[in-house]
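*Asks:* With the hints as constraints, model all of the structure from the sequences given.
Number of protein chains: 2
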Amino acid sequence: MFGEEKSVGVAVLGLGNVGSEVVRIIEDSAEDLAARIGAPLALRGVGVRRVVADRGVPVELLTDNIEELVSRDDVDIVIEVMGPVEPARKAILSALENGKSVVTANKALLSVSTGELAQAAESAHVDLYFEAAVAGAIPVIRPLTQSLAGDTVLRVAGIVNGTTNYILSQMASTGVDYETALADASALGYAEADPTADVEGYDAAAKAAILASIAFHTRVTADDVYREGITKITPADFASAKALGCTIKLLSICERVTDDEGQQRVSARVYPALVPLKHPLAAVNGAFNAVVVEAKAAGRLMFYGQGAGGAPTASAVTGDLVMAARNRVMRSRGPRESRYAKLPVLPIGMVSTRYYVNMYVADEPGVLSLLAAEFAKRDVSIAEMRQEGVADEGGQRVAARIVVITHRATDAALSETVAALEGLDAVHRVASVLRLEGNSE
Amino acid sequence: MFGEEKSVGVAVLGLGNVGSEVVRIIEDSAEDLAARIGAPLALRGVGVRRVVADRGVPVELLTDNIEELVSRDDVDIVIEVMGPVEPARKAILSALENGKSVVTANKALLSVSTGELAQAAESAHVDLYFEAAVAGAIPVIRPLTQSLAGDTVLRVAGIVNGTTNYILSQMASTGVDYETALADASALGYAEADPTADVEGYDAAAKAAILASIAFHTRVTADDVYREGITKITPADFASAKALGCTIKLLSICERVTDDEGQQRVSARVYPALVPLKHPLAAVNGAFNAVVVEAKAAGRLMFYGQGAGGAPTASAVTGDLVMAARNRVMRSRGPRESRYAKLPVLPIGMVSTRYYVNMYVADEPGVLSLLAAEFAKRDVSIAEMRQEGVADEGGQRVAARIVVITHRATDAALSETVAALEGLDAVHRVASVLRLEGNSE
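Going down the list, the sequences are from chains A and B.
So that you can map any letter, position 199 of the first sequence is 199 in the UniProt record's numbering, and since no number is skipped, the others follow by simple counting.
So that you can map any letter, position 204 of the second sequence is 204 in the UniProt record's numbering, and since no number is skipped, the others follow by simple counting.
No wet-lab data here; the hints were simulated from the structure.
These figures come from a predicted structure and were not determined experimentally.
Misleading hints may appear alongside valid ones.
Stated by the list, open to error - Taking lysine-lysine and the BS3-like style, the derived pairs with C-alpha atoms no more than 27 Å apart in a straight line are: (1) B:342 <-> A:6; (2) A:278 <-> A:296; (3) B:296 <-> B:278; (4) A:342 <-> A:296; (5) B:296 <-> B:342; (6) B:278 <-> B:232; (7) B:242 <-> A:278; (8) A:242 <-> B:278; (9) B:242 <-> B:232; (10) A:232 <-> A:278; (11) A:278 <-> B:278; (12) A:278 <-> A:242; (13) B:6 <-> A:342; (14) A:232 <-> A:242; (15) B:278 <-> B:242.
*Replies:* Listed below in structure tokens is the structure:
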């Protein structure tokens, strides 16, 4: 149709939810994709752990010899959707070294090895695309690397993990506790058998590392990202949030910050935070994802959609596949990694946010002023302090639940304050400390 | 920094809000942009209607000889932000023929001349980018052409005109009539002295033509887009909408439709519609824009942000500039126009939606069944029929206001029904007919 009819050879590594959907789209939309690319796609093989029939793909296309598949002469593009970090890393490096363009959805790998992979792609003059690695079907990587290439990104804040968002949405709407909501999520297939990567924020941290790297043209790896999970959030926290006109969301936040010495730095962090109900992220419920980007000229942008699942992720993967294939046909290349800024990472202690502190204290006169003094000593200014209830023991009031909302303070100052509070006789325990985001007072 | 230090020459045509911001960003972010591109940008000249000092740009860079500017040997990329259709069309064609890549924000031009411009870009092997032409800073063009290149887009529905959205938001929140809201918008600079292009839907129709063309890989021009403006919307319509749990928005809708004969067609249309308050577009207020995309694999995506204004539009323009410049440095090219589908346009008469019909009728027994019969005769099924008030004349009840909500029906059937209703003695007048979108019953 475009004169160039030599087909573009594709190898798919992995035949799980995403891989199966990708293979299906390549087959079902063959004519459309060929017209968009300028040449037909040809599926050369599918790499799997064990070759067995009835996988929905002709058995002769299946192979467990990944190394051979990614080095075949008739393969132009390798799609890696097998995870985890290894053996994916080895397969991708091998593909790149063999001159294949690579499309991957592997956020865990990218968040630790972007440098190595980008370098290999650069040396081989091929494309490395990974739109599906963050927020599934939602275009986020391409808008950040291309659409906003002329702007200065100031902040990226997103809900990028569907499992935790489902759990928190359930807790918010039904009042159940964390364990119950997790069990629901597991029953519905939203949480894996071992939910650690999701509920402890590792998945969200990997995505934060990728977002921070591309938004700020620097390199941030998963280890640079401060991380807290959602396992300690209680119905009491949701009750307090509600009373404050907020809900609780697990946020991945990437910020460009100027430190006290005027140095530009990058902050990347993942934690559950109180978010005002009026903030656009507060309305993102269930398994949905959303990313808010603030840029100097563009202002605030929001991207919303399905962040996970076979079909949505496959949409992002095949979008990348079409772009990489089109580049092959046009003997062109997509954008290279842009990483000139080399911004140092701001330690969490220097990060400044507002806080919500929830504690149980002796129900006696004078306690509030004692508490307030500890905040004041460390220059943590209190915006609001309120008693939200009492704890009984054998019919006796033994403790009052006190909630404190602070103005902006550094994490270091707040942590010292909490340690001091915990040392007071009048304080039974500090039950939870959460940040308050999306509200700048 | 990347070995290649020859600068990329840029000419900017037009020095209004957007042009001034683009020039400012090129200067203020010179170092960043150079690092991202791999070579510095050099502003060679700015085309203006009249060369006068104090335009914020060194006067020696200004020229009124556009033809000469776009053919200069040291210009690689031409940014057209001068509008309107002419002389922009001539300048862009001349730039493309001279081998310059072009970035434009000119939706009016693109909606009538995309074919001609794309062909010229193709012949000259250069880039033609126009992210800023739809929804300002919000990345929409690139997500549709690239991120969703592997998916099948089913529907695009957006609020893409800030002026009308401001007016309708004002009417919804304050209850004022159209004229008052328009006057407010004018006073705040949200509406132009002659607001026709906005309030009659011409601007939104141009954007619908562009969106439909790229979403469905076909060619839709402004003339193919069915269009209704917002000038006849009344406070009574908003009151009815509210009673139905809806608000009213001016929507640009592009759909892939299979007609009765199994033929794939495209529908592009602009009109004010009732939108349920729960729909994500209902919450898009004031001068903001949003676009909802539904694709087969990706599901529903939403893009939200500032759709107009100097800085947001300049963000999109300079993003395109960086991509075009990077392609120059890498001797590469961005995606070409993809237009293989050639879908015929579905006439509005064959478009099927739900309707809201608001009419004043004689306040007598038997009238409702008379009205209902006219709907039934034409197979337009009624979902809801209610009396919403009475009209007085000299203290006498002379008419009842009746609101009818239909199930899905074709525009042809509904139009015939309305004509028949208007012919009834009992019907004083059909005051308004609006579609109901975002609700599929």
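*Asks:* Hint by hint, say whether it matches the structure.
*Replies:* Each hint, compared with the structure:
| no. | hint | result |
| --- | --- | --- |
| 1 | B:342 <-> A:6 | holds, 24 Å |
| 2 | A:278 <-> A:296 | holds, 22 Å |
| 3 | B:296 <-> B:278 | holds, 22 Å |
| 4 | A:342 <-> A:296 | holds, 20 Å |
| 5 | B:296 <-> B:342 | holds, 20 Å |
| 6 | B:278 <-> B:232 | holds, 25 Å |
| 7 | B:242 <-> A:278 | holds, 21 Å |
| 8 | A:242 <-> B:278 | holds, 21 Å |
| 9 | B:242 <-> B:232 | holds, 17 Å |
| 10 | A:232 <-> A:278 | holds, 25 Å |
| 11 | A:278 <-> B:278 | holds, 15 Å |
| 12 | A:278 <-> A:242 | holds, 12 Å |
| 13 | B:6 <-> A:342 | holds, 24 Å |
| 14 | A:232 <-> A:242 | holds, 17 Å |
| 15 | B:278 <-> B:242 | holds, 12 Å |
Violated hints for the displayed structure: none, as all numbered hints are satisfied.
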